[in-house]
Amino acid sequence: VLVFTRRRNESIVVADGIEIRVLRVTKDAVRLGVTAPADIPVHRQEVYEQIRDENRRAAQPRLPIAALLSHMKGPGSPG
Amino acid sequence: MSMTEPHDRTSITRVDTAFGTFDVAASDIVSFPAGVPGFEECRRFVLLSSAALAPLQCLQSVEGPSVSFLVIDPRRVQADYRCVLSDMDRRRLTATDDALLWLAVVTVEAEQTTVNLRAPVVIDSRHMVGYQLMPAGSLYPLRFPVPGIA
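These protein sequence lines map, in sequence, to chains D and H.
Under my numbering, the first sequence has 524 at position 13, and the numbering climbs by one with no breaks.
Under my numbering, the second sequence has 195 at position 145, and the numbering climbs by one with no breaks.
None of these hints come from the bench; they were simulated from the model.
Check before you lean on any hint, since a few could be wrong.
Here are some of the chain D residues that sit facing chain H, going by a computed Cβ distance under 7 Å [said to hold, decoys possible]:
1) Ala526
2) Ala549
3) Asp550
4) Arg568
5) Ala569
Every residue, glycine too, gets a C-beta built ideally from N, C-alpha and C.
Required output: the full structure, derived from the provided sequences and hints.
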């Protein structure tokens, strides 16, 4: 792990076009501004992990379509 | 398969899906420059519609592993659904609002069907570019239960 000391308004540059700037520091939080090219995903880690896991549950490489539609249109599905 | 010329709008890609094989024109392919969380290797998708599937549609990868998601207009699930695009989202989805297509990913499991209202997929239909957004502080649930979509 690379460890840096940065002050407010200082930044770190990662590769070409990715910049992470310290905007504000409080007692237990740091506000960061990230500039990155459009093909670089930038996410809060815990949010990213939730959505990744949900996408994996949702991905249906081979959907049993008929069963699926009867399920979805069926009356009184538990909810 | 050879590389598709970026400006060749007429070339055809054959896509194998759960509903059969489709021929897709290059102009129908939506690029996801950042991939989709969990499937970052899939950066090109096509949105398939069929009467049997409506109001759902299928977002099918045409690159990398054959991944497909069932999706639905989030406003069909919550009529007042509204998400604000961040500055970064705006820089990536530059079309005017009426050219942005909003889709929520549907998860079908034996016991329950849920819709991911937290992280919508937004397609800029003008530039055929899509991202799955992860709005900060969204109060919409990751798993919004729907008893039946019909």
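Status of each hint after checking the structure:
This hint is violated: D/Ala526 has a C-beta 15 Å from the nearest C-beta of chain H, more than the 7 Å allowed. Nearest Cβ of chain H to the Cβ of D/Ala549: about 5 Å, under the 7 Å cut. The hint holds. A hinted interface residue such as D/Asp550 counts as satisfied when its beta carbon comes closer than 7 Å to some beta carbon of chain H; here the least separation is about 4 Å, so the hint holds. At its closest, the beta carbon of D/Arg568 sits 5 Å from a beta carbon of chain H; the interface hint therefore holds under the 7 Å criterion.
A cut of 7 Å between beta carbons decides the hint on D/Ala569: the least distance to chain H is about 4 Å, and the hint holds.
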